[in-house]
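We have chain A; now place chains B and C onto it with these hints.
Protein chains in written order, with this note's numbering: chain A, 1 to 227; chain B, 1 to 293; chain C, 1 to 147.
Just so you know, these hints were derived from the structure itself, not from any lab. Only a predicted model underlies this, so the values are computations on that prediction, with no experimental measurement involved. All clues given are correct.
Below, in silico cross-link-like pairs of lysine-lysine (DSBU-like), each with a Cα-Cα straight-line distance of 30 Å or less:
{"#": "1", "chain 1": "B", "residue 1": "Lys203", "chain 2": "A", "residue 2": "Lys95"}
{"#": "2", "chain 1": "B", "residue 1": "Lys219", "chain 2": "B", "residue 2": "Lys127"}
{"#": "3", "chain 1": "A", "residue 1": "Lys95", "chain 2": "B", "residue 2": "Lys202"}
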Amino acid sequence: MGKNKISVYIMGKEHRVPEGLTIMKALEYAGYRLVRGCGCRAGFCGACATIYRKKGDYKLYTALACQTTAESGMYLTQLPFIPANKSEYDIEKIKAGPNTILSIYPEVARCVACNTCTKACPQDIQVMDYIQAVKRGDITRAAELSFNCLQCGLCTARCPSEIKHYHVAQLARRLHGRYLATKSEPLSKRNRELEEGCFENEIDEMIELKPEDLKKRYFEREIKVSE
Amino acid sequence: MKSITYFPGCTHQTNGRNMESSGKAVLETLGYQLEEMPEWICCGTVFGLSEDDLFHQLAPIRNLARVEKAGDEKLVTMCAMCYNTLGRANLLVRKDEVALEALNRFMDDEPDYHGRVDVVHLTQFLKDEVGLDKISSKVKRPLEGLKVMPYYGCLLLRPEEVSIDSMEDPTIICNILEAVGIKSIKGSHISQCCGSYHTVDKKEAVARRSSEIISSARKKGADMIALACPLCEFNLDDRQRLLSKNGMPVLYFTELLAIAFGLEDSCDFDEHYVDPRPLLREKGLLGGSNGQE
Amino acid sequence: MVLNESDTELRLGICGTRGMELADSELLIRITELSGENLRSCYQCGKCSASCPMTDFMDLFPRDVIKQIIEGKEKVLFSETPWVCASCFSCTARCPNDIDIAGVMEAVRQIRLRGKYDRFHPSRIPLDELEGLPQIALIGCFRKMTG
Numbered sequence: 001m002g003k004n005k006i007s008v009y010i011m012g013k014e015h016r017v018p019e020g021l022t023i024m025k026a027l028e029y030a031g032y033r034l035v036r037g038c039g040c041r042a043g044f045c046g047a048c049a050t051i052y053r054k055k056g057d058y059k060l061y062t063a064l065a066c067q068t069t070a071e072s073g074m075y076l077t078q079l080p081f082i083p084a085n086k087s088e089y090d091i092e093k094i095k096a097g098p099n100t101i102l103s104i105y106p107e108v109a110r111c112v113a114c115n116t117c118t119k120a121c122p123q124d125i126q127v128m129d130y131i132q133a134v135k136r137g138d139i140t141r142a143a144e145l146s147f148n149c150l151q152c153g154l155c156t157a158r159c160p161s162e163i164k165h166y167h168v169a170q171l172a173r174r175l176h177g178r179y180l181a182t183k184s185e186p187l188s189k190r191n192r193e194l195e196e197g198c199f200e201n202e203i204d205e206m207i208e209l210k211p212e213d214l215k216k217r218y219f220e221r222e223i224k225v226s227e
Numbered sequence: 001m002k003s004i005t006y007f008p009g010c011t012h013q014t015n016g017r018n019m020e021s022s023g024k025a026v027l028e029t030l031g032y033q034l035e036e037m038p039e040w041i042c043c044g045t046v047f048g049l050s051e052d053d054l055f056h057q058l059a060p061i062r063n064l065a066r067v068e069k070a071g072d073e074k075l076v077t078m079c080a081m082c083y084n085t086l087g088r089a090n091l092l093v094r095k096d097e098v099a100l101e102a103l104n105r106f107m108d109d110e111p112d113y114h115g116r117v118d119v120v121h122l123t124q125f126l127k128d129e130v131g132l133d134k135i136s137s138k139v140k141r142p143l144e145g146l147k148v149m150p151y152y153g154c155l156l157l158r159p160e161e162v163s164i165d166s167m168e169d170p171t172i173i174c175n176i177l178e179a180v181g182i183k184s185i186k187g188s189h190i191s192q193c194c195g196s197y198h199t200v201d202k203k204e205a206v207a208r209r210s211s212e213i214i215s216s217a218r219k220k221g222a223d224m225i226a227l228a229c230p231l232c233e234f235n236l237d238d239r240q241r242l243l244s245k246n247g248m249p250v251l252y253f254t255e256l257l258a259i260a261f262g263l264e265d266s267c268d269f270d271e272h273y274v275d276p277r278p279l280l281r282e283k284g285l286l287g288g289s290n291g292q293e
Numbered sequence: 001m002v003l004n005e006s007d008t009e010l011r012l013g014i015c016g017t018r019g020m021e022l023a024d025s026e027l028l029i030r031i032t033e034l035s036g037e038n039l040r041s042c043y044q045c046g047k048c049s050a051s052c053p054m055t056d057f058m059d060l061f062p063r064d065v066i067k068q069i070i071e072g073k074e075k076v077l078f079s080e081t082p083w084v085c086a087s088c089f090s091c092t093a094r095c096p097n098d099i100d101i102a103g104v105m106e107a108v109r110q111i112r113l114r115g116k117y118d119r120f121h122p123s124r125i126p127l128d129e130l131e132g133l134p135q136i137a138l139i140g141c142f143r144k145m146t147g
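Okay, chain A solo, but in the shape it has when bound (with noise of 0.2 Å):
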């Protein structure tokens, strides 16, 4: 903790908080205590979604509040929740079709490109290059190009086309998970294997094993990569 303070301003009102701290430290140095928002505190969970504007800047600015640190003169409030309903659907019923997800969300058809939701995503996600995928029946490409998505919300609060990127991100990811992507044939086949109790001997012989045993059989273990 430096021994500086900065003055951030949280929700219009002035804070004097050490320098150095993360927006989430800063705001619990202020004296705020998130209820809400918070949080896996390791920028995977999304929870933290936080606007911000810099003094002299007209522009607004976004973050996750546990990974990024706080600026003399941020001017932020955060957006524990934004609203925005999943539509209902049955993934083993629909079929990864070039207008499935259109049909789910057909507000996906609304979208001008204006790429406020590539310039709101904490992740530097290219959400906009997804959203038009989807809008042309690209499937495969919706699906990687939002992997890194934590479902924060903020391209969804600011988007003018009313759509809910990361829901129709998801469904994309499910499609291409459940229909698209190719099926690993070792893992298939371990399935198979397992299901048919090839392997149900070494598993209780597993499972009667003392910790030490155990131990010593894992770290003598041999990884073999089939051909």
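What follows is chains B and C alone, placed relative to chain A:
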């Protein structure tokens, strides 16, 4: 092989596949390779008509900015609606530098656009750059005996600033079809609207429009309609399932060119609601008889 | 020429307000701003109505819409006509006074759409139908009929 910077549009790679696949094959035979422009995005389908509506110009101009950045001067598209939207947006920013400035400033994540790209429709490209004689020279099977009414739809011809030909008496598609042996039939409804996007919320209106257009073709003795727009294709072909009298085959004009070039494999006739194969076989224009399949 | 109140009604009924010095209604001003068109050059020839392919489904013909806007009749904002318009530009192409009537229809739509009114909602379309529609149709619909 010469390269063409190409704008596919969202529909030609999914629901309107046939035009792109046949068009691509035809262009390759003529010596041109379609290269998709870098990172294309949906153009928005319809041009924003309000004076203050810059929001809906973002998508078309973003596309053109990307083409300009890549150093290309011409963008060719097959979709009539994309042609109209991109073309009109382009003309707007070339005339109105305040609008262009605002758009460039808003798209601060994109290189600036300076109006240097021309938007061209496939029909214009075929007539002006490729030339009708070259098209004729690649014909393996002239499509004689096929009575086709070319249907232009609205957005290739109107408004005048983007028209590919005369608004009232266009001949460009007729000329292209003539190059492959087809004598076109001119109906009264060759450029009357099919109902466009109302196929979503008012399909009875579209059914009525389609019915009139198809009747006008039948009246003049046409046994097929050829067109250049994926929405018209859906409205005139697929929507025939709503009509009591149906059975008029509706094809993209590029599919006819492909058949004439012996490239019918590039067409997926199953995609059409009204199967054109019986008619084509009857006229001896599809596989078998010439030993070509 | 002496102008009195009873003359005004009669003249408005003939051919718009050409040559008259009456203040433009708020409606006309707003439509002019949005469309960029000079509606007062309309002389009600009816070519737009004659060219329009969608008149079977309209309550007011295009010519009447123009007339009502010039006359400041705000009821025209609630007509079905702008929502039936397919933006085919047949009217625009044929108007002898170069008025972009399709643009005027868009202006009427925009006034309502900017007032938090949506003409179209996808929930009204059954899912299996949505799946079969080309994206181009859905996008066009949203663009023209939602705000």
